[in-house]
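**Q** As a plain string of letters, each chain reads:
Number of protein chains: 2
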Amino acid sequence: MTHVSIIGSGNMGQAISSVVARGGNTVELFNSTDKDKPVTGDVVILAVPYPAIDQVLADRADQLSGKVVVDITNPLNFETFDSLVVPADGSAAAELAEKLPDSKVLKAFNTTFAATVASGQVGEVPTTVLIAGDDADAKAQFAGIVSAGGLKAVDAGPLKRARELEAVGFLQLTLAVGEKVAWTGGFGLV
Amino acid sequence: MTHVSIIGSGNMGQAISSVVARGGNTVELFNSTDKDKPVTGDVVILAVPYPAIDQVLADRADQLSGKVVVDITNPLNFETFDSLVVPADGSAAAELAEKLPDSKVLKAFNTTFAATVASGQVGEVPTTVLIAGDDADAKAQFAGIVSAGGLKAVDAGPLKRARELEAVGFLQLTLAVGEKVAWTGGFGLV
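Chains as they are written, first to last, in UniProt numbering: chain A, 1 to 190; chain B, 1 to 190.
One thing to keep in mind: the hints can contain errors.
The list treats identical chains as one, so a pair stands whether inside a single copy or across any two.
To be verified - Under the rule of at most 16 Å between Cα atoms (straight-line distance), these lysine to aspartate or glutamate pairs were calculated in the EDC-like manner:
1) Lys160 to Asp82
2) Lys152 to Glu179
3) Lys180 to Asp155
4) Lys152 to Asp135
5) Lys67 to Asp102
6) Lys67 to Glu98
Hints are computed from structural coordinates only; laboratory data are not their basis.
Next comes chain A alone, as it looks inside the complex (with noise of 0.2 Å):
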């Protein structure tokens, strides 16, 4: 079993608190309020909007020394929804990576929009929740959470492989606000 903490309680926070707990791992979600509260999970699962990271690393960067922490930011502009704001040859993960030196940091649930994760089905396929990451055993710990949980979890590759996951996640944001896709739907992995 293990012990998750999520940080941030808006629909992603709250659909993946569902997932983790449904696997048999007990989690605890912080909201805005919580911010005196500190971490105590193994795996810390940041679901906050990208521009909130810098505000939980001022708060809690300590805390996060030594634990898996799970990056699921879509670091687009937000006002033109056209670009992201990384640069082009990075990701908003690689750049996590870089603050936390002594984490073990992945990308996850950065491409499944919130209903998937809670209803487990993109339309009518099952939710593949794709993982970057460079520890390998951080990231078989956290796809054995997401599996546990009844979602499907898929390696997608070295932590570099985050800016594919970003770029995934920038588009099918592009088709559900342009209404190509509903917001139960998007990329399924068939």
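Fit chain B to the known structure of chain A by using the hints.
**A** For chain B alone, kept in the frame of chain A given last:
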């Protein structure tokens, strides 16, 4: 009815040729021995691997002037399968558009494995062709050809979105090579 030229008679060229013909449009398929035969289609699909594009342009750039030109390539480093060979902030399609200023360049069919073009199915999901481009009429014309042939066509945005389409294509190829998805599957849009 549109007359479509497809340069490249590999798996993708053949599969796309069948789609075009099925939709009641006419198609001419060029293989590598047809170098001296000029293209006559109003829409020209470059169904060759990325490294072969420059030779096609050397042979035929003047023939492509004024036409809709469709780039289906995934510009991977095929030795390492670990990176793209185009600039991080660019795409193969953007390069092509720069080299063909008098053509209307579209990106399409780079996120669909040949088997899914041929069968019309990504696993159990109908195959969707994502189309990016800056010329709305060209996009609509090509979407019409694709949908007449029995596949779904979705407007993925301006040609700059080819960067994300190529990231999807790259990621999908790494997942297939890593046996995480079958060549009859991949990302289905639902």
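**Q** Of the numbered hints stated previously, which ones are contradicted by the structure, given in increasing order?
**A** 4
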